[in-house]
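Enquirer: Construct the complete structure from the given sequences, taking the supplied hints into account.
For the sequence shown, counting from 1, position 400 maps to 403 in our numbering; every step adds exactly one.
A portion of the hints provided could be inaccurate.
To be verified - For lysine to any residue, the following SDA-like pairs were computed, each having C-alpha atoms within a straight-line distance of at most 25 Å:
| hint | residue 1 | residue 2 |
| --- | --- | --- |
| 1 | LYS231 | ASP221 |
| 2 | LYS231 | PRO289 |
| 3 | LYS231 | LEU287 |
| 4 | LYS231 | GLY249 |
| 5 | LYS231 | ASP256 |
| 6 | LYS231 | GLY216 |
| 7 | LYS231 | GLY146 |
| 8 | LYS231 | GLY201 |
| 9 | LYS231 | PRO274 |
| 10 | LYS231 | GLN190 |
| 11 | LYS231 | ASP187 |
| 12 | LYS231 | VAL306 |
| 13 | LYS231 | ALA272 |
| 14 | LYS231 | ALA115 |
| 15 | LYS231 | VAL152 |
| 16 | LYS231 | HIS261 |
| 17 | LYS231 | ALA275 |
| 18 | LYS231 | GLY150 |
| 19 | LYS231 | ARG197 |
Said to hold, decoys possible - Computed spacing ranges between beta-carbons, pair by pair:
| hint | residue 1 | residue 2 | range |
| --- | --- | --- | --- |
| 20 | ASP119 | ALA304 | 46 to 56 Å |
| 21 | ASP151 | ASP471 | 53 to 63 Å |
| 22 | VAL183 | GLY262 | 23 to 33 Å |
| 23 | ALA218 | LEU87 | 50 to 60 Å |
| 24 | PRO303 | ARG416 | 52 to 62 Å |
| 25 | ASP151 | GLY90 | 44 to 54 Å |
| 26 | ASP119 | GLU460 | 16 to 26 Å |
| 27 | GLY90 | ALA457 | 20 to 30 Å |
| 28 | TYR441 | ARG288 | 32 to 42 Å |
| 29 | ALA144 | THR88 | 39 to 49 Å |
Treat the hints as calculated values from the structure; they're not laboratory data.
Quantities reported herein were computed from a predicted structural model and do not represent experimental measurements.
Where is the CB? At the ideal position from N, CA and C, for every residue including glycine.
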Amino acid sequence: MPDSQPQQPSSPDSPDSPDSRDPQDSQDFRGSGSQDSRDACDSPGPAGSPAPAPSAPPSVSPSAPPSGTPSAPTSALLLCGARLTDGRTVDVRLGEGRIEAVGTAGSLAAHAGRLDLSGYLLLPAAAEPHAHSDTALSALAEGPVPGDVQDVQRRATEAALLQLGHGATALRSHVRIGDVQGLDALQAVLQARRSLRGLADLSVVAVPRLLTGVAGADGMAMLRDAVKMGASVVGGCPDLDPDPTGYAEAVLDLAAEHGCAVDLHTDGADPARLARFAAAAGGLRPGVAIGPCGGLGRLPADVAARAAEQLAAAGVTVVCLPQGGCGSTAHGARAGRAGAEDGGTVPIRLLRAAGVRVAAGSGALRDVANPVGRGDPLEAAYLLASRQGLRPEEAYDAVSSAARAAMGLPEVRVEAGFPAELLAVRGDTLAGALSLAYSRIVVHRGRVVARTSAVREYCDSAAAVALDLPRQGRGQGGGVAS
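Expert: If you want it as structure tokens, here you go:
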């Protein structure tokens with residue numbers, strides 16, 4: 004364990020405006036009405052949205068003050084009996100938004116609340132490095148995606164809460180600006196960010212369509228306005244501009260001027276363009292990311308390897324989308340939707356071998372690009388393990404440590420001194436958690452912010468009883484629950 008607390012670097016994705024401070028809140032939970040009892044702490048929702056119906060909390064719950072009693076977000080919490088990936092069973096004490104101590108089970112005293120995590124695997128929380136809040140949950144909309152501020156804010160908030168329930172306590176959302184909607188979608192997502200304070204950290208990438216030529220002048224002016232409004236990252240899709248290199252250079256120049264991070268959509272199929280981009284991006288702080296880069300997988304192996312070496316030397320992160328793309332790259336636009344070809348063919352092992360940091364995002368969440376997108380980082384990790392051959396530890400790192408690093412966020416470990424951004428998943432091993440990650444408890448800034456409780460039930464079975472299969476409880480009708 005470190006002797007002192009790790010330094011927290013300044014982060015382009017960490018809200019640092021006055022409205023990002025945690026409000027006073029209670030530990031009450033309200034259900035979303037789903038069958039798996041996915042709950043989140045009360046939070047101010049978008050204007051005009053109905054309050055979710057209350058549901059009974061899951062059997063595993065933290066100590067909490069009476070309903071309606073404010074509790075400071077810095078109060079201490081003891082996580083009891085959690086299993087770590089190295090096999091140890093430990094107690095973890097949280098306070099002031101950080102991990103205060105980690106000790107053997109039963110060795111730590113609780114200063115306030117206790118949360119029994121027996122049967123749960125405790126992990127650093129996941130992060131979502133590539134979301135699209137402005138189009139999320141719009142797959143059933145007829146015609147163009149609704150663009151009024153209230154509708155976008157509602158969908159962006161709901162999407163963020165869904166992803167929080169999956170375990171992502173920090174999200175980076177790409178939001179289109181310009182054209183008919185102007186800056187309305189950006190304004191709506193920034194409002195959603197404010198409504199989510201204390202629950203999850205949401206940062207915004209401004210995505211203009213064109214930045215070069217006469218048509219690009221308006222895009223550049225709007226991009227500058229977006230940064231002034233609160234977009235902490237600048238991005239876009241150079242592949243869709245008549246001058247892709249000029250587009251990328253314009254983004255990099257503006258980012259250097261304002262101290263913003265860069266996150267660009269690209270198919271990555273042009274090695275010469277990638278080389279020029281890597282040369283221009285080298286050394287830019289606070290960081291540069293590109294994705295989904297499915298075109299790298301269509302290049303000859305030696306060409307892809309050279310491109311990977313250039314990206315690694317420039318410190319560029321690649322954000323892949325194992326669950327399917329987001330429809331923003333030129334290849335995805337030609338295909339009508341960016342599916343498995345964009346997200347599934349990224350040569351991840353080749354990139355990692357060259358020293359490129361590879362993070363994984365979710366991309367589309369139930370919009371026209373992927374009407375069944377889940378926005379679940381553990382599903383992304385599962386796909387990396389099952390389809391790309393990564394070890395479970397490597398796959399989860401892509402949606403946790405690597406994703407946080409890509410977003411400029413501080414590292415999280417289950418060790419004293421690190422940020423209390425944690426995810427507890429029912430299971431004994433990481434491989435099992437990636438396979439059957441049903442029940443989850445999410446901790447953000449030292450407090451439980453979301454819980455998902457699932458119970459699988461069977462009818463009476465002599466075979467199940469004889470084998471003494473693991474279970475969570477016994478159903479009312481005598482059936483076995485697992």
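Enquirer: Confirm or reject each hint.
Expert: Comparing the hints with the structure gives:
no.	hint	verdict
1	LYS231 to ASP221	holds (16 Å)
2	LYS231 to PRO289	holds (17 Å)
3	LYS231 to LEU287	holds (20 Å)
4	LYS231 to GLY249	holds (23 Å)
5	LYS231 to ASP256	holds (16 Å)
6	LYS231 to GLY216	holds (23 Å)
7	LYS231 to GLY146	violated (31 Å)
8	LYS231 to GLY201	holds (23 Å)
9	LYS231 to PRO274	violated (34 Å)
10	LYS231 to GLN190	holds (11 Å)
11	LYS231 to ASP187	holds (14 Å)
12	LYS231 to VAL306	violated (40 Å)
13	LYS231 to ALA272	violated (33 Å)
14	LYS231 to ALA115	violated (42 Å)
15	LYS231 to VAL152	holds (18 Å)
16	LYS231 to HIS261	holds (10 Å)
17	LYS231 to ALA275	violated (33 Å)
18	LYS231 to GLY150	holds (21 Å)
19	LYS231 to ARG197	holds (16 Å)
20	ASP119 to ALA304: 46 to 56 Å	holds (50 Å)
21	ASP151 to ASP471: 53 to 63 Å	holds (57 Å)
22	VAL183 to GLY262: 23 to 33 Å	holds (30 Å)
23	ALA218 to LEU87: 50 to 60 Å	holds (54 Å)
24	PRO303 to ARG416: 52 to 62 Å	violated (39 Å)
25	ASP151 to GLY90: 44 to 54 Å	holds (52 Å)
26	ASP119 to GLU460: 16 to 26 Å	holds (22 Å)
27	GLY90 to ALA457: 20 to 30 Å	holds (24 Å)
28	TYR441 to ARG288: 32 to 42 Å	holds (40 Å)
29	ALA144 to THR88: 39 to 49 Å	holds (41 Å)
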